[in-house]
Each structure stands twice: as structure tokens, then as C-alpha cells.
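Visitor: Take a look at the letters that make up each chain.
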Amino acid sequence: MTSEVIHREEFGDVAVLHILTNSVDAVSASAIEATATASAMRPITVLDFANVAFINSAGISALLKFVVSAKKSGYTLYAMNVTPHHQKVFKMVEMSRFMPPIEERDLAAYR
Amino acid sequence: MQRVLVNIPSVPIFERVIRASADEVGRALGFSAERIEDLKLAVSEAVNNAIDHGNQRQPGKLVEVVFALDSDKLEVHIRDEGDGVDHVDFSRRIVEDHNLDAGMHRGFGMYLISALVDDCEVSSSQSGTTLTLRLYRKDNDHDE
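So the sequences go chain by chain: A and B.
Numbering follows this note's numbering, in which position 66 of the first sequence is assigned residue number 66; successive positions increment by one, without gaps.
Numbering follows this note's numbering, in which position 19 of the second sequence is assigned residue number 19; successive positions increment by one, without gaps.
For the record, the hints were derived by calculation from the structure and aren't laboratory data.
Built from N, CA and C at the ideal position, the CB exists for glycine as well.
The reader is advised that the hints may include incorrect statements.
[As the list claims (entries may be wrong)] Using C-beta positions, here's what the derived DEER-type ranges look like: (1) A:Ala109 - B:Ile94: 26 to 34 Å; (2) A:Pro43 - B:Glu34: 30 to 38 Å; (3) A:Phe11 - B:Glu121: 46 to 54 Å; (4) B:Ser125 - A:Lys72: 40 to 48 Å; (5) B:Ile94 - A:Glu103: 52 to 60 Å; (6) A:Asp106 - B:Glu24: 35 to 43 Å; (7) A:Ala109 - B:Arg134: 45 to 53 Å; (8) B:Asp139 - A:Ser30: 42 to 50 Å; (9) B:Glu34 - A:Lys72: 34 to 42 Å.
Next comes chain A alone, as it looks inside the complex (with noise of 0.2 Å):
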């Protein structure tokens, strides 16, 4: 599936969510939030932020609904490619409880 704001790679049991805005805030919140569904997700799901120079908390806001929707599927998220600002940024709003880091080399095992 490709969209506006997101690309996703599929592999065995494991979604990754590129995401290609390099702005996730107020402006492309509502475009992300309407990738954030079930059916786009896999038990293990990748949000990829290598594209991404900012985000602010309307953006935090829209990736809360991937925690969201990964919860009720009973999914487990990741976030890949982070800054280390946004890395303090998440762990200051305790976001990285919920979406911890994993690195690429991880997903070699899955592909």
C-alpha cells in the first residue's frame, strides 16, 4: 500500500510503516492517523522515521493511534530510524514505553 504519508513493506509476520513526510505535526496528523488501522498492521509493526526531521505533539497525538490500534489487535509496535532529539522527546512523554526502538539488522531474522 502506498499513500500520502506512509509506505508500507509487509514480510512474514512483520509490517514497516515508512514514513515520508519529514514533518509529522498538525498538517500531516490527520493523513497519518487515517493510516493507524488494523488491517495495515502485523503482530509486529515498524514505524520507520528515517524521513522524519520533526514532529511536535499534534504528531505525537497521530501516532498515538498506531499504540492505539496495535493494543486492541494484541500487536506489538516499534519505532526505527529515530533521532536521538526525538528519542528524548518520546522518552520525556514516556511514548518510548509504548513504541520502543529496534534496530534494522533486527528485521533481517523476519525477511
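Add chain B to chain A, keeping to what the hints say.
Guide: For chain B alone, kept in the frame of chain A given last:
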């Protein structure tokens, strides 16, 4: 003191204009990359708050942002044209299970502001609210 003034209509896309200005001002002051990111996020939160809560997203109402560059600090004043507020809550807000279940996914902005800048204050009247953010220059900052 040098001042940079930017006015935007209360439309979310224009928050990005203020954010880009904050980036340039931070660079001009020689702030570190991490401090510039802190500045951008704090200003972004304040401007979104002014757009959403102060001006109720009425495009005809402006958000005025003044960057006041001083030798020892940067002050950012973010002013809306709303009806004023009685109280602003800067208390710590985190993601919690019961909030997720209740669909309460917002409200982190003021806490983030208070945690990312050196100090901040609010003044409010019936003609609008001004949030002032301060970041003091540190020894490892350098002039461009």
C-alpha cells in the same frame, strides 16, 4: 537588541513558516543543533496553541511572533488575538494506558514547552494571550 517579527494567519500550515524562522534565528545565535531543535519544537507548540486555542483557527485572526535577540538570551513572544485564558497548565503530561483507552491523545504541548526552554511565562487579557519563551546563551554557543 535585534528583533524579528513574523505574523501568520491562524492556519496550521503557516506554523511551518514560524518554525523555519526559529531555525534561522537559532543558527544566527550560534545555538547547538540540539538546542535549535528544542527551540523549534517549543515555538511550534506555542504557535499551534495560539492557532487552535487562542484564535480558534479563525484565519482572519493573526498570530504574532517576535524573536528578540539579545547578547545573553533569545526571547520569543507568541501572541494570539483570542479572549484570554485564566490558567495555563505546564504540568508534566505523559502517555498513559488509561488515557490511550479513553482516546485522550493530546495535551503534551505546554509541558514540552516548559521542559525545552530555560523559562517561560504567560500574560493574558481579554484581547489576547502572550506566551514568552527564553533561552539563555551558553558558553558553547557561538556567533555566526
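Visitor: Now, for every hint given, state plainly whether the structure supports it.
Guide: Tested hints:
For the pair Ala109 of chain A and Ile94 of chain B, the supplied restraint of 26 to 34 Å holds, since their beta-carbon distance comes to about 32 Å. A C-beta distance of roughly 35 Å is found between Pro43 of chain A and Glu34 of chain B, which places it inside the suggested range of 30 to 38 Å. Between Phe11 of chain A and Glu121 of chain B the C-beta distance comes to about 51 Å, which sits within the given range of 46 to 54 Å. Our hint of 40 to 48 Å for Ser125 of chain B and Lys72 of chain A holds, since their Cβ atoms are close to 45 Å apart.
Between Ile94 of chain B and Glu103 of chain A the Cβ separation comes to about 25 Å, which falls outside the hinted range of 52 to 60 Å. Between Asp106 of chain A and Glu24 of chain B the beta carbon distance is about 38 Å. The supplied range of 35 to 43 Å therefore holds. One distance hint, 45 to 53 Å for the beta-carbon pair Ala109 of chain A and Arg134 of chain B, holds here, with the actual separation near 49 Å. One distance hint, 42 to 50 Å for the beta-carbon pair Asp139 of chain B and Ser30 of chain A, holds here, with the actual separation near 43 Å.
Between Glu34 of chain B and Lys72 of chain A the beta carbon distance is about 36 Å. The supplied range of 34 to 42 Å therefore holds.
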